[in-house]
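Participant: Chains U and G supply the protein sequences, listed in that same order.
When the letters of the first sequence are read in order and numbered with our numbering, they come out as residues 1 to 77.
When the letters of the second sequence are read in order and numbered with our numbering, they come out as residues 1 to 446.
Read the hints as simulated data drawn from the structure, not as lab findings.
A couple of the hints might just be wrong.
[As the list claims (entries may be wrong)] Incomplete in silico selection of chain U near chain G, CB under 10 angstroms:
id	residue
1	19
2	27
3	46
4	49
5	55
6	56
7	60
8	61
9	65
10	77
[Unchecked claim] Heads up, incomplete: computed chain G residues facing chain U, CB under 7 angstroms, no partners named:
id	residue
11	69
12	365
13	394
14	444
15	445
Here a beta-carbon is modelled for each residue, glycine too, at the ideal position from N, C-alpha and C.
Residue strings, one per chain:
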Amino acid sequence: VTGPAQTLDCRGKRCPLPVIELARRIRAVPVGGTVTVLADDPAARLDIPAWCRMRRQEYLGESAGEDGPAYTVRRSC
Amino acid sequence: VGFQDPDRAPTGESLLDTLSKTGSGVLAWGAWAGGAGGAGGSTGADPPGRPRRAGPAGPGSATVRQMAVYLDAASGVPMHPVARDALLAALDDGWADPGRLYGVARRARLLQDAAREAVAQCLDARPDEVSFTASGTHAAQLAVLGGLAGRRRSGHRLVHSAVEHSCVLQAAQAHQAAGGAVSVVGVDPLGRAAVDGYAAAVHSGEVGLAALQSANHEVGTLQPVAEVAALCQPAGVPLYVDAAQSVGRLPVPPGWSLLSASAHKWGGPPGVGVLVIRKGTRWASPWPAGEREGGRVGGFPNLPAVVAAAASLRAVQAEAAAEATRLRALVDRVRSEVGRTVPDVQVVGDPTDRLPHLVTFSCLYVDGEALLLELDRRGFAVSSGSSCTSSTVRPSHVLEAMGVLSHGNVRVSLHRTSTEPEVTAFLAALPEVVAELRRTAGVVGL
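Modelling step: build the complete structure from the supplied sequences, incorporating the hints.
Facilitator: Next up, the structure:
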């Protein structure tokens, strides 16, 4: 499942699982690639950007996914 | 003084036994829990000597329970010995209706006046500006909704910071639901409210009331109360300060028009709030209020608790400066050591301009509830702003407004009986607990 733009479905998963799964998945994309996390736990809105700051990854922002919010992160290191 | 003797005081366990006793005219809890359907189950009293709680059995567990380290002063502190003495004395001496005209009533009235005088003095207010309520939340709601009602013709807008206590936010929602307007002022990453935001709002000309807490209850950051008060005064906007976290610990900055506080945060009994309305501030009761407490609060006052609250406020205020210095040093230690001994931790809130007794941090990849339960199992009582630890789905609105990590959150808050060895024990246990939870979740090295 490696590729430059991946989607991670974390709908129905509670904090901190979406962040943990993002941290695992980011290793599978090349530097410059992105992971988009679908997460309906409201804490993800806070914790994904906070994780990006702590791990020096680039937070590209939130968009409306098919079924709730989606958060996109670009691997920068 | 006999009632100071702990051997003679009823313990929580014996109170529970008293409450569940059968054959003494008191209904057993079991009979209630059995349900109206009477579908079998427990109908009688529980056996005496019920287990204290479900927990790890085995040797030593009772000792751990007994030695539990209480680090959640921001939720409420154990009663100050002065409050306990005052409460027991006032139960005998202050039970009558202070509004009546016979001997025992006059005695109660004297106690009530003395309590009001003491609280007024501690808050730098006049006695007739002070009212007692049934809780800090009740006082906050009266301050917000009454302050807005009194200024109905001048402005319908409430402006408050994004990090106010939920009781203020709930009052704001009620105001909005009744057709009022609300502006929310944002905070910086340390949790400090933007003075500019208040400036813009109060100059709009439609603000009925501004609200700003003295200090944040979750992260400890002190708010710019004096600056915001200086903006409000020339604009003719009254400022309400929720001082629940700072009264008894720090002086309240001047310039406010309304203030509220809560006795169980300073060592008084639970169930006593304080509402202060400065002379000349327009205020109208949002609820039917009658004649008690200057027409501001409905209902018969819990005078013994009020007396105890006032006595303990006087006592803690006398030792506040020394306590602040002592606790500040302990909190400084927690702030620096947690950051050093726990990997991937975010210590939040202002490192210097803060409450002396409170520190909050978030541990990456850790489930907040699991963290609290494991700390409790090891004998440490702390609180958390992580959503997975509360009944709500949303993370703490304070952490959200600050834009900091919300999971794995722990709030440690100290009080007058907190000791250095207790803090040392907590700091020794925490890295182990976090590491263990991370190992279990398989997130090591992420």
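Participant: Indicate, hint by hint, whether the structure satisfies it.
Facilitator: Here's how the hints hold up against the structure:
no.: 1; hint: 19; result: holds, 7 angstroms
no.: 2; hint: 27; result: holds, 9 angstroms
no.: 3; hint: 46; result: holds, 5 angstroms
no.: 4; hint: 49; result: holds, 7 angstroms
no.: 5; hint: 55; result: holds, 9 angstroms
no.: 6; hint: 56; result: violated, 13 angstroms
no.: 7; hint: 60; result: violated, 16 angstroms
no.: 8; hint: 61; result: violated, 14 angstroms
no.: 9; hint: 65; result: violated, 18 angstroms
no.: 10; hint: 77; result: violated, 14 angstroms
no.: 11; hint: 69; result: violated, 26 angstroms
no.: 12; hint: 365; result: holds, 5 angstroms
no.: 13; hint: 394; result: holds, 5 angstroms
no.: 14; hint: 444; result: violated, 11 angstroms
no.: 15; hint: 445; result: violated, 10 angstroms
Checked against the numbered hints given earlier, the structure breaks hints 6, 7, 8, 9, 10, 11, 14 and 15 and satisfies all the rest.
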